[in-house]
Amino acid sequence: MIPGPATTFDAPEASDTSVKEPMLRCESLTQTYLSGGRELTVLKNITFALEAGGFLAIAGPSGSGKSTLLGLLAGLDRPRAGRIVLDGQDLGPLSEDQRARIRSEKVGFVFQSFHLIPTLTARENIQVPLELRGEESSAPARADELLARVGLGGRGHHYPAQLSGGEQQRVALARAFSHRPRILFADEPTGNLDAATGATVIGLMGELNRELGTTLVLVTHDADLAARARRIIRLADGAVVHDSAAA
Amino acid sequence: MRPFVLAMAWRESRSSLRRLALLLASTAVGVAALVAISSFTDSLQDSVREQARSLLGADLTVGSASPFSPRAEEEIRKILAEARGAEESRLVRFAAMAYVPRTAATRLVQVTAVSGGYPFYGRIATEPPESWAHVAEAGGVLVDPALVSALDAKVGDTLALGEARLTVRGIVTGMPGDVAVRAALGPRVFMSARDLQATGLLSFGARARYETYLKLPAADPQRLAVRHRAALAAERARLRTVSEDEESLSRTLGRLGRYLALVALIAVLLGGLGVASAVHVFIKRKIETVAVLRCLGATGGRVLAVYLVQAAALGLMGSVLGVAIGLGVQAVLPLVMKDLLPVDVRYAPSWPAVLAGLAVGLWVAAAFALLPLLSVRHVSPLVVLRREYESDARGRRDPLRLLAAALLAASVAALAVFEAPSRQSGMGFALGIGIALLALWTAGLALSRALRHFLPARWPYLWRQGVANLYRPANQTVMVVLALGFGAFLLDTLFLVQHNLLRDLRVDARQDRPNLVLFDIQPDQRAGVEAELRRAGLPAQEPVPIVPMRIASVKGQKAGVALAAGTVEPPRDGGIGRRRGGPNPWTLRREYRSTYRDALTSTEKTAAGGPWPPPGWRQSGGPVPVSLEQEVATELGVHVGDEIVWDVQGREVPTRVAHLREVSWGRFEPNFFVVFPTGPLDAAPQTYVTLSRADDPGARAAVQRRVVEAFPNVTAIDLAQVQQALDRIVSRVALAIRFMALFSLATGAVVLVGAVATSRYQRLREAVLLKTLGATRGQILRIALAEYVSLGLLASATALLLATGAAWALVHWVFDSRFSLPGGALSATALVVVSLTVVVGMWTSHEVVRKPPLEVLRAE
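Chains A and B are the protein sequences, given in the same order.
Taking the numbering used here, the leading residue of the first sequence gets 1, the next gets one more, and so forth.
Taking the numbering used here, the leading residue of the second sequence gets 1, the next gets one more, and so forth.
Think of the hints as simulated: they come from the structure by calculation, not from any bench.
Note that the coordinates shown come from a computational prediction; the quantities given were computed from them, not determined experimentally.
There's no promise every hint is true.
[Stated by the list, open to error] Okay, the calculated beta carbon distance ranges per label pair:
#1 A:ASN45 <-> B:ARG472: 47 to 53 Å
#2 A:ALA141 <-> B:SER15: 22 to 28 Å
#3 A:SER164 <-> B:LEU6: 30 to 36 Å
#4 A:SER164 <-> B:ARG777: 29 to 35 Å
The beta carbon of each residue, even a glycine, is placed where N, CA and C say it ideally should be.
Kindly produce the complete structure, drawing on both the sequences and the hints.
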């Protein structure tokens, strides 16, 4: 299904620190939003840890707080209470710009609605994370390599609007891996795709997880999809109701 | 860092070019206005410098309102003796009636009688060529093309000028230093001074200007000027050198240029608003991209830089385009202004103006884009997960934003001071803009607040829905009112000031007013002139006596002494404003044409000093009381009670200022600076002026002709001709001003499109939603109509109110004139603004209505 040699995804640089420190750890995470003047608790006291190279699915019905949790774990938002440590780095005291730098160094993203930058070509979209890190000289070659790896060699000059949904999500996947992130967050990555295309994308993600040891965090309400992960955390009403690791 | 920003900016700009076209256009129009004006002013001043000598026609000139006194003649002889190889040419200029017997047509003309080699520099172009020299040798006259058409004359005709019959030798087609509109006041006739005696004009009471032009090939005119100016001034003769002439002309044109530059600055600032609203819309559409970039690890500063670089690059493109347009317009400007300018303007792009235009354009694009752009730093990466997520840190109290706003305000003020004719007017300009923005902002905010509380629930649903758009969350009311209202405010102010200034130039020509004036009537011609009027069946008013006189001394100081002393001061630059010190030189030099009567006329009002004449002055035995027009009293520096001694044809008449009058000069009546009571001047040498009225132009022409035939020295003024002449001048001036205002209008339109477009995105989503819920096209259009009508009304009403205040202040304090509101014309401008808003608004809504909802949503 996936053409090209698997080895083109190089492994991320070996984690320097001890094996004991997990890739992602959150403690007593609580998040609230103001809604119509009243405080609404979206997440309650969430605690778990995920080892490097792990594949976690966060599952639950809509409104259970999955996306909020993903946003917090990736450092896109600040929790009301609790602590998040990403690859040994406590996100709490960091400013928004400092968290942005952590993202550009360690984190990759895949979204439900792809979120490719519409004004950039497929190749340029893939180059962005590399260029943000100042690796613009190697970026074009790396982008072409990844395009070939996701089966879109020769489509690099196309704009997102010229690609199908599945193709866009494959470009997004290539973008997510372009800077060899330590951890990849995926928010309903198959939500906007038909079943077959969704399966391709998920298959690709699983391969990457196995081949490169990239830690995967997947948010989904699809039970079949969640079942492909090595560990599942189920949320309901903002609280963890089931953790397969604890079971 | 930098490579990413540049690469990203470059790639993004491929698509933003279309979206930011408004930014480009806004910058371009403002820059075009500025470059056209500054470059034109620079060319104009260069041309003045190059043509200065031929403008004056000589190196040095001395002029006087009466024949040179023996002592003045002696000074002129001394100058000639001191400069080796000097040549002299004498000119006498006066107004007279010209009459062509062949066509039986008459016309008031401006006569110049020349002796000697004038002009020493520059050439007078004639048809047939070389006829200037021919007139000097063989006599005859050269005339304006305007005279040829007015009198239906042709070369070879006989022209009667006073008692003389002179042959028309040719037509003057071009004269250095000539302002073409001047001919409108009276076509010119040039003759040899040899024939002057034969005309019999220049008799008692005639107005004439005597000038001598000197060519000084081997002397420094400035040194001679310093040596002889004071002695000549004491004899009421004014000396000017070529460099002084150039300097004062250059200063006047520079001031003209700076006023025009202020108009251009308005276009630039409007362009700035266009930039701000274009970027505002642009950023709204870019929020998702920004959020993705943030997600991928771009810091706020880098994202800001990506878009700032784009704005600046587009601003630079706009500036280059603006410079090109501006230089193109510069080529047109001389055509618009040619009748108002004394020089032929050579077309030359001014590089300083081009550079300044590029710099200002870049500044406008970057500075005005920065304010809306700063908000991208606050776009949360969470937007990628939840579209509706609204960052609570809206940047309202963002210190950087406040700093940027302060810097922007400071730079606008600095630019205004730099471009304005004076520091005060620049500060005033900037302050006015600040107040206007504040008022508009308040009005926009107050409107949306007020509507929320007072929107009548009984209104039809569609209107309620449309008007409610003005206060619902995320509304654009304040932004649109600000941009739209500011544009309308500037245009209204310009319009109001223009209206008030031009109104003063309009002669009040009501039906019952006289429209024919006959003056220079000698006492023995009174009965004859009245008889001619009666024979033509025209009414003849009681003739008004005119006594020519000059000021001998003011408050004990001799006029000659004051004039001689006054020459050490730099020459006054003729601006408006009150003098603090002694009398203004012109008030001492001039010949006053005063009258005597014991009542005020309908055009006069007492301004100070009680009734006229003061009761019982005859018995008091003191000096004769006089009434002065209040402006001339100010210029003379005298108040009620001050002494003035008049020189009435060699006899000294001591007087006391007893009364000040306010005179309405616009009315076609014989108005006077100085009025005496009856008695003291009864026996003084005098002429008479009489007024009449004839509705039929043919009857007016016939009576003028008969009077001129019988009494060649009597001058006739036809109000209809004066009105035509003024209209011609006013329309030339108005054309020049309106041409510049066009720029503001063009930018205003761009800003309006931008302002309406700022709310378009929001409206589009709402309309699509309504459509999905089953609203018809008509309903959506009516909702949009309600919204844009109310927006347009609010913006234009606020703008009008502000503009009235600003225009009143300008007219009252800067131009020292009366303020009036042209109600009809103002309603028209308000209507234009409202309809423009509605048209643009409806045009953008049109897309929503036409396309199926899903397509619109996807395209967005």
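Kindly confirm whether 30 to 36 Å is satisfied by the beta carbon distance between SER164 (chain A) and LEU6 (chain B).
-> 32 Å, holds
Measuring from beta carbon to beta carbon, are ALA141 (chain A) and SER15 (chain B) in 22 to 28 Å?
-> For SER15 (chain B) against ALA141 (chain A), whose Cβ atoms are near 25 Å apart, the range 22 to 28 Å holds.
Consistency of beta-carbon spacing, ARG472 (chain B) to ASN45 (chain A), with hint 47 to 53 Å = Given range 47 to 53 Å: violated, Cβ gap about 38 Å.
Lying within 29 to 35 Å: is that true of the beta-carbon distance SER164 (chain A) to ARG777 (chain B)?
-> 33 Å, holds
In summary, the one numbered hint that this structure violates is 1.
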